[in-house]
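Protein chains in written order, with the working numbering: chain A, 1 to 452; chain B, 1 to 175; chain C, 1 to 100.
What the hints contain is simulated information worked out from the structure, not anything from laboratory work.
There is no bait here: all hints are sound.
Distance ranges between label pairs, derived from CB positions: (1) I108(B) <-> G403(A): 52 to 60 angstroms; (2) M1(B) <-> R85(C): 53 to 61 angstroms; (3) R25(B) <-> I78(A): 16 to 24 angstroms; (4) I79(C) <-> R55(A): 56 to 64 angstroms; (5) I79(C) <-> R25(B): 20 to 28 angstroms; (6) R85(C) <-> S93(B): 31 to 39 angstroms; (7) A49(A) <-> I79(C): 53 to 61 angstroms; (8) Q374(A) <-> L96(B): 52 to 60 angstroms.
Every value quoted in this text rests on a predicted model; they were computed, and no experiment measured them.
Glycine included, each C-beta is placed from N, C-alpha and C at the ideal position.
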Amino acid sequence: MNPALHSVLAFLQGWWVELLCAFLIVALVPLIAGYIVLVERKLMADMQARLGPMRVGPHGLLQPIADALKLLIKEDIIPAEADKLVFWFAPVLSMTAALTALGAVAFGPWFHVARDINIGLLFVVGISALGPFGIVLGGWASNNHYSIIGALRSTAQLISYETTAGFALVSGFLLSGTLRVGAIVEQQRADHAWYAFLAPVGFITYLIASIAETNRAPFDLPEAESELVAGYMTEYSGFRWALYFLGEYANMIVVASVGTTLFLGGWLRPFPSVDWLGWLDALPALLLAAVGVYCLIRAGKQPAQVQKLFMWAVAFACFGVALIFALAAPLAMAPLHIIYPGLYGAFWFLVKVSAYIYVFMWLRFTLPRFRFDQLMRLGWHILIPLALVNILGVGIALALISGLGWNRWLAIAITTTATVIAGLLLIRWNDRHAVAASLAAEASPVEDSYAG
Amino acid sequence: MLDSIIFYFFAGIAVLSALLMITRRNAIHSAVFLTTALLATAGIFLQLHAEFLFIVQIILYVGGIMVMFIFVIMLVRLDVALPRLRSRLRQWSAILVALAVFLEAGIILYLARRIPGEGLLVPSPAPAAKLPPNTEDLANSLFHAYLLPFEIASVLLLVAMIGAVVMGKNRSDTK
Amino acid sequence: MMSIDHYLVLSLALLLIGAIGVITRRNVIIVLMSIELILNAVNINLVAFSRYYGEVAGQVFALFIIADAAAEAAVGLGIMIAFFRNRETVLANEMDLLKW
Numbered sequence: 001m002n003p004a005l006h007s008v009l010a011f012l013q014g015w016w017v018e019l020l021c022a023f024l025i026v027a028l029v030p031l032i033a034g035y036i037v038l039v040e041r042k043l044m045a046d047m048q049a050r051l052g053p054m055r056v057g058p059h060g061l062l063q064p065i066a067d068a069l070k071l072l073i074k075e076d077i078i079p080a081e082a083d084k085l086v087f088w089f090a091p092v093l094s095m096t097a098a099l100t101a102l103g104a105v106a107f108g109p110w111f112h113v114a115r116d117i118n119i120g121l122l123f124v125v126g127i128s129a130l131g132p133f134g135i136v137l138g139g140w141a142s143n144n145h146y147s148i149i150g151a152l153r154s155t156a157q158l159i160s161y162e163t164t165a166g167f168a169l170v171s172g173f174l175l176s177g178t179l180r181v182g183a184i185v186e187q188q189r190a191d192h193a194w195y196a197f198l199a200p201v202g203f204i205t206y207l208i209a210s211i212a213e214t215n216r217a218p219f220d221l222p223e224a225e226s227e228l229v230a231g232y233m234t235e236y237s238g239f240r241w242a243l244y245f246l247g248e249y250a251n252m253i254v255v256a257s258v259g260t261t262l263f264l265g266g267w268l269r270p271f272p273s274v275d276w277l278g279w280l281d282a283l284p285a286l287l288l289a290a291v292g293v294y295c296l297i298r299a300g301k302q303p304a305q306v307q308k309l310f311m312w313a314v315a316f317a318c319f320g321v322a323l324i325f326a327l328a329a330p331l332a333m334a335p336l337h338i339i340y341p342g343l344y345g346a347f348w349f350l351v352k353v354s355a356y357i358y359v360f361m362w363l364r365f366t367l368p369r370f371r372f373d374q375l376m377r378l379g380w381h382i383l384i385p386l387a388l389v390n391i392l393g394v395g396i397a398l399a400l401i402s403g404l405g406w407n408r409w410l411a412i413a414i415t416t417t418a419t420v421i422a423g424l425l426l427i428r429w430n431d432r433h434a435v436a437a438s439l440a441a442e443a444s445p446v447e448d449s450y451a452g
Numbered sequence: 001m002l003d004s005i006i007f008y009f010f011a012g013i014a015v016l017s018a019l020l021m022i023t024r025r026n027a028i029h030s031a032v033f034l035t036t037a038l039l040a041t042a043g044i045f046l047q048l049h050a051e052f053l054f055i056v057q058i059i060l061y062v063g064g065i066m067v068m069f070i071f072v073i074m075l076v077r078l079d080v081a082l083p084r085l086r087s088r089l090r091q092w093s094a095i096l097v098a099l100a101v102f103l104e105a106g107i108i109l110y111l112a113r114r115i116p117g118e119g120l121l122v123p124s125p126a127p128a129a130k131l132p133p134n135t136e137d138l139a140n141s142l143f144h145a146y147l148l149p150f151e152i153a154s155v156l157l158l159v160a161m162i163g164a165v166v167m168g169k170n171r172s173d174t175k
Numbered sequence: 001m002m003s004i005d006h007y008l009v010l011s012l013a014l015l016l017i018g019a020i021g022v023i024t025r026r027n028v029i030i031v032l033m034s035i036e037l038i039l040n041a042v043n044i045n046l047v048a049f050s051r052y053y054g055e056v057a058g059q060v061f062a063l064f065i066i067a068d069a070a071a072e073a074a075v076g077l078g079i080m081i082a083f084f085r086n087r088e089t090v091l092a093n094e095m096d097l098l099k100w
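Isolated chain A (complex conformation):
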């Protein structure tokens, strides 16, 4: 027993930081996911010219806490003929997949759970491939027709768009030459450009595929309320439903992190290698100070005393964080100077991930829902051919740049244009057959006994 205990203790001693980060992820991400739900409700309200949750806590800020408490104390209903073991296991699997995938994502040059694993981003993509498993098992275990149909549709959608997202990511991996997360971001700094500009078709494809990957609108038919009750989540109530829901929002954070790392430059500030834009380093502190000033101005206009005090508290918190950022700036005092890369990196990373998730939410409130066959047609007939041609295009661009010595932007521009044209031709040729087949099916007279 002694050597076993020694080895376990040695492991804990060497890896306690990573274990602490893992513990923090499991503890904090559900809370953060709850607050993303609140942000979504507030944004939805803002785009619909109303206020959103305002009652619970100042400006509705305690709404997620109230929702979590409500879900925890709800009665745990299990359908009579449901398969109890799988019914219990499915939401746990969904949530575990999303949280484990977060383990390999680097939130900044210092903040990551797994120490620079060799397979990096592929680990994140692969573990989030376990998500559909939780969905299909949950739908089956509910012993309900709507659940099974919703689960099968949702899983079919997820695995189709996983393929699409994988192809889009491959074009990014071609540019970076490595799968390791830290190396990808450093390569973007060395290449003087975010890969969203070097592989725009790949980035747009990944954006669309990641929306479908997380069952978000406009691809949320499997869980839309007007379609299949709630799809695979119909029979789940209380905290089990909360696990599914939080798993979906955690998955949103995961795909946003992957997109940010590979396409949007990770934790680099905009224009990371341009020296005369070095004043952008002061931007985080200035932004936070500006938010603090705005809160102070609005504090004077609040009707109630408690809201006024709350706004003052938020303003001073913003000023405090801005002060930390300013003191960590390279021009400032020596002891705090060492936390500069981690802090600023984390700030820019979180800003980019938030922008990505904002685009998700914006599309949700704007676009109508895709029908399931339209969804599958978009994935298989349109996006996958485009992503395949894009891989070819990026490969040709790299060969032109490194082999023939062309100017980088010229090669990328030409191959991107060629990719878009070739992709559109391929889609038109491919779809023409599908459209012709469906037209032929409609044109043949069908016996309709209810007609007339």
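Based on the hints, put chains B and C in the right spot on chain A.
Then chains B and C, alone, in the frame of chain A:
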């Protein structure tokens, strides 16, 4: 020592899941236990420092093949438990033969260790820190030394895709 | 340090359990799943030897086996679906059209 603990953990899960898989009446339960066995195998790959194979196992086997199995089981309505009609002779003879082979292999391995100079002359593995980066090593080997099998595998996958689509089509579509 | 015997014994155990599954079960889907288990056992064996000899060829071979298993499972399940459409059964002892 930590290696041993991790190995026994994953090996135990793999064997237990495999045993449960072949004895369940419900096909979905079997599929779930096969999934846990495959995840445990992926853990063994990770413990052997084969990281790329670990993630390929999870993406392809668990995320692809098992989802396909579960789809087929649900679409073909196989989760209804079938009536038991066991052939006792076949079951017990299979178990006995398997145990015999297992014992024989165990005895061979045990005796080989005791006789110096006999048995598996396997060198001790390189320490983990000196291993080349796994993905790059595998990619080099795949695209230089084993390029032909790689291309043949892609043709194989294309043929399998066409075959599966043809198999799955309804008869009336082919008219 | 672990010797290679541990991995060989594990691989053999999984292979034999898969073989018992193939021989004993009537449901053809379970038989296909047991075949997947056998292929995994072989993979463990290959990767263990690859680690202990320092060659990456074992992992390359295991990668090919995984790709091949995917293709085989897809075609096998396609055959099963086509058979089920015609005969409404998935039990191996009822697939007896060629008996005379």
